[in-house]
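S.K.: Residue-level listing of the chains:
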Amino acid sequence: MLKKNIIKQLSIFVNNEPGSLASIALVLKECGINLKAFNIAESSGFGVLRAIADDPEGACRVLRERNIVVKQTDVIAVSVEDQPGGLFRIANIMGDAKINIEYAYAYTGRNGPSIFLRVDDPEAAAAAVKRAGMVCLSQKDI
Amino acid sequence: MTFWNEEIETMPADELKKLQLKLLKNQIINVYSHSAFYRKRMDDANVRPEDIKTLDDLRKLPFMYKTDLRDNYPDKLFMLPYQDLVRVHVSSGTTGKPTVVGYTRNDLDNWAESLARGMTSFGMGKNDMLENSHGYGLFTGGLGVHAAGEKIGATVLPTSTGNTNRQIELMLDLPVTTLAGTPSYIFHIADICDQKGVDIRRDTKVRMAIAGGEPWSESMRKKLQDRTGIRIHNCYGASEMSGPMFLECSEQQGLHVWADLCLIEILDQNGEPCKDGERGEMVVTMLKKEAFPLIRYRIGDISRLNWDKCACGRTHPRLDRLSGRTDDMLVVRGINVFPSQIEAVIGEMPFLSAFYHITLNNVNYMDSMVIETELNEEHLTDDMITLSKYRSELSSRLKEVLNIKADIKLVLPGTLQRFEGKSSHVTDNRSWD
Ligand SMILES: [Zn+2]
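Note that the protein sequences, when read in sequence, are chains F and D.
No gaps in the numbering here: position 110 of the first sequence is 112 in the working numbering, and each next residue is one more.
No gaps in the numbering here: position 200 of the second sequence is 323 in the working numbering, and each next residue is one more.
Just chain F, same shape as in the assembly (with noise of 0.2 Å):
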């Protein structure tokens, strides 16, 4: 029933050289796929475009079609107050229900400010937030 809460993250895997992210950012444009938000991590190898789209399901489908490796992650969006200790609130959140944030990164949409998490365990963290009086935010919401 918690389903809902699970957001469909893009994972966009470039490897590192000079210009990839750029030509992964054209592809983007050229298919008309637009992030909500994003963020970028890097390993030795490769880095990983985190993003936010519209469509995911599509816009996966799109971006394999010109030979881009890209997964889609499950992470959840805590709808937060726009004053310090938002972050704060939710780590102590997912603390106390001992979920791990593996990362997280913030966002500002129509519905105010939220923070993405992917968690080892989204559906739990869903239970805990809900649990805790927060908001979890859907698909549609975004």
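Heads up, a few of these hints could be off.
To be verified - Here are the simulated distance ranges between beta carbons: (1) D:Q318 x F:E44: 27 to 33 Å; (2) D:M472 x F:E44: 54 to 60 Å; (3) F:A108 x D:K220: 50 to 56 Å; (4) D:L261 x F:K100: 53 to 59 Å.
As the list claims (entries may be wrong) - Straight-line Cα separation of at most 35 Å, DSBU-like style, residue types lysine-lysine; simulated pairs: (5) F:K73 x D:K140; (6) F:K132 x D:K512; (7) D:K532 x F:K10; (8) D:K328 x F:K38; (9) D:K249 x D:K163; (10) F:K10 x D:K528; (11) F:K100 x D:K328; (12) F:K6 x D:K249; (13) D:K176 x D:K140; (14) D:K532 x F:K31; (15) D:K249 x D:K328; (16) D:K163 x F:K100.
Claimed, not checked - Residues on chain D that point at chain F, a partial pick, calculated with CB under 10 Å: (17) G394; (18) L503; (19) I508.
Just so you know, these hints were derived from the structure itself, not from any lab.
Even glycine gets a Cβ: it sits at the ideal position worked out from N, Cα and C.
Got chain F; can you put chain D with the ligand on it based on the hints?
M.R.: Just chain D with the ligand now, with coordinates in the frame of chain F:
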């Protein structure tokens, strides 16, 4: 000119060749009666010890290969039981299985004799202090050079590898005259001396060095000599032969290969002997080994041999600087690395595809190795913690197998080029100019 063993070292070439024939005949009889492995190989080739009547008859004898060492792991090649051995060294082999080499007392004596002649040939003696930064332990470099240093009466300082600051401090505080180590390590010592403001000419007594165990060039030697005032003498050997064996004399015109200990053939691509001074594949026969025989061994190095008498007065043939390998063996930081070893480790990792690429660089002559490997589709993740776990798992397993550290780069599935040939797995950007 001082000699360690003048009679042997200056024996006319024709007499030396007679001596070689006598020793070869004896060794073949010995090997035929004590090595089940080589007896079978001779029987299969239909050769009997009495067929060896001239030095040319050597070519009737079958070859030994690196794979023979692997297939006979650990000690099936030994010609004597352990109670007759006084030492065993172990070095890494082609695909995980190391090579175990046994020594009798006489084997150790002949090994030290070989290096003692070489050390004397460039002026080392009992007035010298030798700082030996070759690794002590299973590796043959440390103990081999150590024993020869003591044999000629020099004072040996067994610093072993690493801790460069300590090595330099001892060069400054003690009357060290001679260094032994890999060429890149001696270069590194010179670099650190520069950084510390140590002038080797002014502040130390170091004037000679023995350098071996990895490829380098004449121009690298010249640079290092000009910079430090140290005369650097090439060293050649391999654990199968005993360890480091042969050195250059003060002429620095090739390594004196003692013909009464070792017979080196140089063969062309058709297996025919090269003319004196022509480059080809080295095939090694050790003439006096008691525990671990080496007969017509395809050691994999390419060089040339020259029987002209040296200006130093020595008559034994001289071996040129090595100019390549017949196989895909790489020497990285003085350690033998086979791409097949790396391939085997990659095969153990469930998160990797079978593809890999090795890149070698040497900034300031210090080797570094980058291994790119592909994650497979199934294990591709955007979780950096998992990725770094993958990387450290691979890295520590490689360290275990190769004994050196490699930089690991995980790349995306389908990224590395799909090659047919073996050698294409390696890009060697190193230069010793
Ligand atoms: Zn000479």
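S.K.: Each of the hints needs a verdict: does it hold here or not?
M.R.: So, going through the hints one by one against the coordinates:
1. D:Q318 x F:E44: 27 to 33 Å: Because 32 Å falls inside the window, the suggested range holds.
2. D:M472 x F:E44: 54 to 60 Å: 21 Å, violated
3. F:A108 x D:K220: 50 to 56 Å: This hint holds: roughly 55 Å between Cβ atoms.
4. D:L261 x F:K100: 53 to 59 Å: 47 Å, violated
5. F:K73 x D:K140: 71 Å, violated
6. F:K132 x D:K512: 33 Å, holds
7. D:K532 x F:K10: 28 Å, holds
8. D:K328 x F:K38: Given that 35 Å is the threshold and the Cα spacing comes to 70 Å, the pair is violated.
9. D:K249 x D:K163: 47 Å, violated
10. F:K10 x D:K528: Given pair K10 of chain F, K528 of chain D is violated - Cα atoms ~39 Å apart, limit 35 Å.
11. F:K100 x D:K328: At roughly 65 Å apart (the allowed maximum being 35 Å), K328 of chain D and K100 of chain F break the hint.
12. F:K6 x D:K249: Distance of about 85 Å is beyond 35 Å: violated.
13. D:K176 x D:K140: 13 Å, holds
14. D:K532 x F:K31: Holds. K532 of chain D to K31 of chain F sits at ~30 Å (cutoff 35 Å).
15. D:K249 x D:K328: 15 Å, holds
16. D:K163 x F:K100: 67 Å, violated
17. G394: Interface hint status for G394 of chain D: violated (44 Å vs cutoff 10 Å).
18. L503: Hint on L503 of chain D: holds, closest Cβ of chain F at ~7 Å, below 10 Å.
19. I508: 7 Å, holds
This entry does not satisfy hints 2, 4, 5, 8, 9, 10, 11, 12, 16, 17, going by the numbered hints stated previously.
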